[in-house]
Amino acid sequence: MARTLTLNRALLGLAALSLALGLWQLGGAAAIHGKAWLAQRLLERAWTETLAGAEQAKPWPWADTWPVARLKVPELGVDLYVLAGASGRSLAFGPAVVSGTAGLGHRILSGHRDTHFAFLRELADGSRLQLQDRSGAWRDYLVRGHQVIDVRHPVTARRAETGELLTLVTCYPFDAVDPGGPLRYAVTAEAGMPPAESHLPLGGAALSTDLSGGIQPGEGIPNGAL
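My numbering runs 220 ahead of the 1-based position in the sequence shown.
Everything labelled a hint here was simulated from the structure, so no lab data went into it.
This one's a predicted model, so the numbers in the text were calculated from it and none came from an experiment.
Just to be clear, a hint being listed does not mean it is correct.
[Said to hold, decoys possible] Label pairs and their computed distance ranges (CB to CB):
| id | residue 1 | residue 2 | range |
| --- | --- | --- | --- |
| 1 | Val-397 | Thr-268 | 32 to 40 Å |
| 2 | Gly-297 | Gln-367 | 21 to 29 Å |
| 3 | Trp-257 | Gln-350 | 16 to 24 Å |
| 4 | Val-397 | Gly-356 | 41 to 49 Å |
| 5 | Asp-398 | Ser-355 | 39 to 47 Å |
Each residue gets a CB set at the ideal place from its N, CA and C atoms; glycine is no exception.
Please take these sequences and the hints and turn them into a complete structure.
Here it is, written out as structure tokens:
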């Protein structure tokens, strides 16, 4: 059985490489979207292995990341596998967890505005997000607000004092011609709290520029991750 799984993953890896080479020849935009689509299919298999108990189930043999969660937005039909470590390499294949934030009770996910996180512009206050962990358990989050932040200034992840927080971050503006600008669009949701019971003010910021004891770019929230 183990040999069969290894062979299947190797064949999938070769198929991924062949398709990636073909897309590279077609051009940059096609390569980005093709890579994003194919990666999610391979990550689906790796996530199934993770739920079965595998540790760091790599989606292809040479991967330096692996799925750590599954994100759904039912009203928009979004269903994504979330990767470990928000590096430039991992973000090409899917949204990823920004290192050093989960311990705050405030998980931050980063993704590209023109592929996996393009849907952020459609989220409204009260929208429901669902996050599945490696145990298979699902948790609901309700969107409480959004903001635009400038990463040229120190960025701090606010500690969750009551319910858990989930923030999704992508580049901004969504229709900018040149990628890699300093602005980011952040949507924050709170776990399991209907709006009337939430401890986070509607539209309230969950990321701030407070310097006191926070995580700054380069110190847990890399510049390339936000």
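- Range hint 16 to 24 Å: satisfied by the CB atoms of Trp-257 and Gln-350? Because 21 Å falls inside the window, the suggested range holds.
- Starting from the range 32 to 40 Å, see whether the pair Val-397 and Thr-268 falls in it by beta-carbon distance. 39 Å, holds
- Cβ separation of Val-397 and Gly-356, checked against the hinted range 41 to 49 Å: 42 Å, holds
- Message: Between the beta carbons of Gly-297 and Gln-367, is the distance compatible with 21 to 29 Å?
- Response: With a Cβ separation near 25 Å, Gly-297 and Gln-367 satisfy 21 to 29 Å, so the hint holds.
- Message: 39 to 47 Å was suggested as the range; check whether the CB atoms of Asp-398 and Ser-355 agree with it.
- Response: About 41 Å separates the Cβ atoms of Asp-398 and Ser-355, which means 39 to 47 Å holds.
When held up to the earlier numbered hints, the structure conflicts with none and fits them all.
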